[in-house]
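*Asks:* Sequence:
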Amino acid sequence: MADALMAPSDIDALVKRITTEVLAGVDKALENKIDPVLEKLSATVAHIEEVETRITEAETRISAVEDTVSRDNADLSEMKAKLDAALEKIDDLENRSKRCNIRIIGLPEGEEGTNPVSFLKTWLPNLLNIEFKNHQVIYALNTKNDEHEAAIQTLKEAHEEEVQQILSETREKIMQYKSKISDEMDLKRRIQSLEESMELHERMKRQALAEFETYRQRVEDMQLCTEAQHTQRVVTMSREVEEMRRSFEEKLRSFGQLQAQFEQEKQQALEELRAAHRQEVQELLRSHQSQNANYSKDQEKLGQLHKAEVDSLTERVEELKQDKKRLVEEYEAKLNKAQAFYERELEAMKRTQQMTAENLLAWKKTEAELRKEFQAQEAALQKTLGKLRSELQRVQEEARESREKSHKLQASLITAENNIKVKVTRCITGQIGSLQATQMTHEAVIRDLESEKSRLKDKVLRLEEERGALQKKCQTLDDRQRQQILSLEKSIREEKQIYEKELMNLRAKYEEDTAHFKDSHSRALDELSRKHRAALENTQSISEKEKNRLLSEMEEQFEKERSSLEEQKSLLREELDSLREELTAKLNMANSEVSRLQELVKQGEQGLGSAEGHISNLKDAQKKLLEELDATRARLRETSNLLTALQGEMETQKQQHDAKLIATKEEEKLKMDKMALELELKWTETLRQECKKLREELREEHEENKRSALTQLAQNKDQELCSARESWQRKVEDLLEQISLLKQSLEMQLSQSQHSLQQLQAQFSQEREHLGQQLQEMELEHQRREQRLQEAHCCAIQDMQEARQHDLKAEERSSAANGLGRTAEEKGGISLSPRRSS
1 MADALMAPSD IDALVKRITT EVLAGVDKAL ENKIDPVLEK LSATVAHIEE VETRITEAET
61 RISAVEDTVS RDNADLSEMK AKLDAALEKI DDLENRSKRC NIRIIGLPEG EEGTNPVSFL
121 KTWLPNLLNI EFKNHQVIYA LNTKNDEHEA AIQTLKEAHE EEVQQILSET REKIMQYKSK
181 ISDEMDLKRR IQSLEESMEL HERMKRQALA EFETYRQRVE DMQLCTEAQH TQRVVTMSRE
241 VEEMRRSFEE KLRSFGQLQA QFEQEKQQAL EELRAAHRQE VQELLRSHQS QNANYSKDQE
301 KLGQLHKAEV DSLTERVEEL KQDKKRLVEE YEAKLNKAQA FYERELEAMK RTQQMTAENL
361 LAWKKTEAEL RKEFQAQEAA LQKTLGKLRS ELQRVQEEAR ESREKSHKLQ ASLITAENNI
421 KVKVTRCITG QIGSLQATQM THEAVIRDLE SEKSRLKDKV LRLEEERGAL QKKCQTLDDR
481 QRQQILSLEK SIREEKQIYE KELMNLRAKY EEDTAHFKDS HSRALDELSR KHRAALENTQ
541 SISEKEKNRL LSEMEEQFEK ERSSLEEQKS LLREELDSLR EELTAKLNMA NSEVSRLQEL
601 VKQGEQGLGS AEGHISNLKD AQKKLLEELD ATRARLRETS NLLTALQGEM ETQKQQHDAK
661 LIATKEEEKL KMDKMALELE LKWTETLRQE CKKLREELRE EHEENKRSAL TQLAQNKDQE
721 LCSARESWQR KVEDLLEQIS LLKQSLEMQL SQSQHSLQQL QAQFSQEREH LGQQLQEMEL
781 EHQRREQRLQ EAHCCAIQDM QEARQHDLKA EERSSAANGL GRTAEEKGGI SLSPRRSS
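Residue 1 is where the sequence shown starts when you use the UniProt record's numbering, and the numbers rise one by one after that.
No wet-lab data here; the hints were simulated from the structure.
Don't be surprised by glycine CBs; every beta carbon is placed ideally from N, CA and C.
One thing to keep in mind: the hints can contain errors.
Said to hold, decoys possible - In silico EDC-like cross-links for lysine to aspartate or glutamate, where the CA-CA straight-line distance does not exceed 20 angstroms:
no., residue 1, residue 2
1, K490, E280
2, K307, E280
3, K301, E330
4, K671, E343
5, K473, E574
6, K266, E315
Stated by the list, open to error - Cβ pair distances, simulated, as ranges:
no., residue 1, residue 2, range
7, V45, R400, 12 to 22 angstroms
8, L252, E553, 56 to 66 angstroms
9, M185, M355, 30 to 40 angstroms
10, E49, Q759, 27 to 37 angstroms
11, M222, M185, 49 to 59 angstroms
12, E553, M355, 51 to 61 angstroms
13, E345, C722, 19 to 29 angstroms
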């Protein structure tokens with residue numbers, strides 16, 4: 001009993017233990033399966049975080065590099081300013097160190113010739129009226145002075161060598177910095193060019209995709225149209241087959257009725273003839289037993305008549321059987337023809353479907369090729385971007401190195417400045433008296449500077465006049481181009497209005513022609529058997545004439561637009577050539593002016609120190625003008641390339657348009673020829689068959705009328721005539737139905753031709769809009785280029801004005817320095833003059 005009571009608790013414990021074990025196993029299995037997934041997810045998350053950190057680091061590095069580049073540019077500008085100041089100081093010190101030549105008031109330069117000692121020996125006694133006696137003392141004094149001068153000369157040479165060393169080092173560093181700056185500018189230009197190429201690539205990609213989409217939509221529309229036409233043809237063919245089947249069944253039914261009637265009539269005639277024969281035999285037996293010979297003769301005659309009637313009836317049955325066979329054969333032939341025509345139509349539809357499928361496959365292949373090309377271009381661009389990034393890193397490293405070098409240069413400059421200050425303090429003691437010697441020399445220098453100032457003012461006025469003339473020329477050119485653009489817009493609007501009027505006239509004429517054709521067709525329905533071919537030929541010729549006239553007008557208009565575009569292109573080329581010639585002439589004038597100023601500066605370099613800055617400014621202006629000329633040449637090349645590309649696109653569009661026109665012409669001709677042949681064959685066959693049937697029926701009825709000698713057969717003849725009339729009415733109704741069907745098919749053909757004309761007009765309008773858009777884009781590009789040229793011209797003028805202002809400021813500074821020299825010259829008598837080496 002105790003074991004029995006404990007059993008349920010043991011079972012519950014076992015169930016709990018089993019469930020816990022199973023759940024633990026399931027949890028372990030799930031954990032074993034989920035752990036790798038979670039590890040992969042954590043790895044992917046870590047990878048994504050690393051990528052994000054790398055991207056952020058790259059962005060920060062790029063920003064840091066940009067900041068360092070901007071700082072380097074600022075440091076370079078500061079170093080350039082310091083170097084310019086140091087060069088000015090060195091130049092000043094060099095000038096001061098070279099102010100050790102004696103100048104005597106009243107004695108012009110160059111009078112001493114090649115032997116100044118002998119000249120002074122003869123000139124000084126005559127000037128002072130003194131005779132020198134103590135030659136030995138003077139010689140001793142002269143030897144002392146010579147030793148002193150030799151020491152000074154050695155110091156000068158050492159100082160000049162140091163200065164030349166410092167100048168060469170600074171020039172080399174400046175050249176290095178300039179080369180680095182030019183490399184950075186080249187890198188920026190290359191990056192800009194690559195960005196522009198990327199934009200062009202994206203634009204070409206979008207354009208290709210848009211063209212593919214339009215072509216795909218066009219192919220789908222054409223496929224839908226062909227499917228609709230095929231369904232219509234199949235429906236019409238099925239209707240014709242059904243009508244032919246119905247007519248054949250009705251003819252078979254009428255033939256069976258006629259056969260039954262003929263058999264009934266035959267039996268009735270035989271029974272009547274037998275009854276008549278029996279009556280006559282009985283009468284003859286009753287009344288004329290004696291007339292056996294006559295009776296036998298009459299019997300023979302009646303037998304012959306009976307045989308003749310039986311033979312005629314058997315012939316009639318055989319003819320009816322032959323008619324039945326002929327009708328069955330004709331029906332089978334018609335069915336075979338309809339089946340062959342239907343099979344041909346199905347094969348043609350299958351071919352068209354195959355052609356459309358092949359076209360779609362070809363376009364898919366082209367799309368895949370374009371995608372491959374785009375991917376290749378993207379990979380090439382990514383490679384170029386990687387190269388540019390490596391070049392950026394290299395440039396950053398070079399900038400870092402240049403920064404270190406600049407720090408070193410700053411330290412060397414500080415040491416050089418300290419040395420120069422020490423030397424300056426040493427030289428100042430010996431140069432206090434030499435400052436007084438500059439007073440008289442500055443007067444002559446000031447006079448020369450004033451004369452040159454007046455000459456430079458004249459030059460400035462002349463250059464301003466030239467600038468005003470150039471501005472007037474630019475304004476006249478702008479006005480002329482605006483007038484040309486306005487005239488072109490007016491001509492385009494007028495052509496558009498003329499074309500719209502012509503389209504309206506053509507539509508009205510076409511509607512009138514269609515109305516006239518409908519009226520003529522409705523009038524000619526009664527005489528369709530005779531005039532159907534002439535009406536078809538007339539409609540065909542009218543449609544061909546209209547189509548040819550429209551195509552010729554469209555081609556003429558297209559050629560006119562092409563000629564106008566070519567004229568505009570030639571005008572634009574002439575204007576660009578004239579602008580290029582004017583710019584080259586201006587550059588040649590500026591070069592001649594620079595060469596002339598260089599010659600003048602070389603001539604006046606002994607007395608004028610500020611002309612070097614003027615020459616450098618002019619050289620910078622010349623370089624800017626040359627860069628602008630190169631830029632204009634590049635723009636001209638781009639415009640020529642764009643013009644050639646536009647010519648290629650125009651030629652390709654023209655070829656495509658001509659091919660489309662030829663294809664549409666051939667398709668329409670084939671369709672019209674097919675429809676005309678089919679209609680002619682149908683009408684000829686139907687008319688021939690109906691004529692044959694009518695002739696045979698009339699001949700049979702005529703023969704039956706002739707053969708029927710009996711009165712009962714006359715009634716049958718009347719019945720047959722009624723049935724023939726009914727069949728004739730039915731046939732006439734069938735013919736009318738066929739005529740209505742043909743009319744519907746003609747209307748369908750007319751609607752299809754109208755639809756094709758509308759499609760051609762829409763294509764022409766699309767091409768016209770595309771050409772108008774291209775013209776607008778060309779005009780916008782031309783305006784942009786003109787604006788760029790004007791901006792470049794304004795920048796050049798501003799640079800020249802700034803150079804002139806800089807020159808004027810330098811002249812004012814030199815004039816102020818000369819004024820100070822005058823005040824110093826009024827105090828002193830004999831002074832020392834600086835003679836700078838050229």
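*Asks:* Determine for every hint whether it applies to the structure shown.
*Replies:* Hint-by-hint comparison with the structure:
For the suggested pair K490 and E280, the alpha carbons sit about 112 angstroms apart, so the restraint of at most 20 angstroms is broken. Annotation: proposed proximity of K307 to E280 holds, straight-line Cα distance about 18 angstroms (limit 20 angstroms). For the hint pairing K301 with E330, the CA-to-CA distance comes to about 43 angstroms; that exceeds 20 angstroms, so the pair is violated. Proximity of K671 to E343 is assessed by CA-CA distance (about 18 angstroms); at most 20 angstroms being required, the pair is judged to hold.
Distance restraint check for K473 and E574: the Cα-Cα separation of roughly 16 angstroms lies within the 20 angstroms cut-off, and the hinted pair is therefore satisfied. Proximity of K266 to E315 is assessed by CA-CA distance (about 12 angstroms); at most 20 angstroms being required, the pair is judged to hold. Here the CB-CB span from V45 to R400 is close to 36 angstroms, at odds with the stated 12 to 22 angstroms. Taking 56 to 66 angstroms as the suggested C-beta distance range, the pair L252 and E553 conforms, at roughly 57 angstroms.
A beta carbon spacing of about 57 angstroms between M185 and M355 contradicts the range 30 to 40 angstroms that was offered as a hint. At about 59 angstroms, the CB distance of E49 to Q759 disagrees with the hint of 27 to 37 angstroms. Between M222 and M185, the C-beta spacing of about 55 angstroms keeps the proposed range 49 to 59 angstroms intact. Roughly 31 angstroms separates the CB atoms of E553 and M355, a value that falls outside the hinted 51 to 61 angstroms.
One distance hint, 19 to 29 angstroms for the beta-carbon pair E345 and C722, is violated here, with the actual separation near 42 angstroms.
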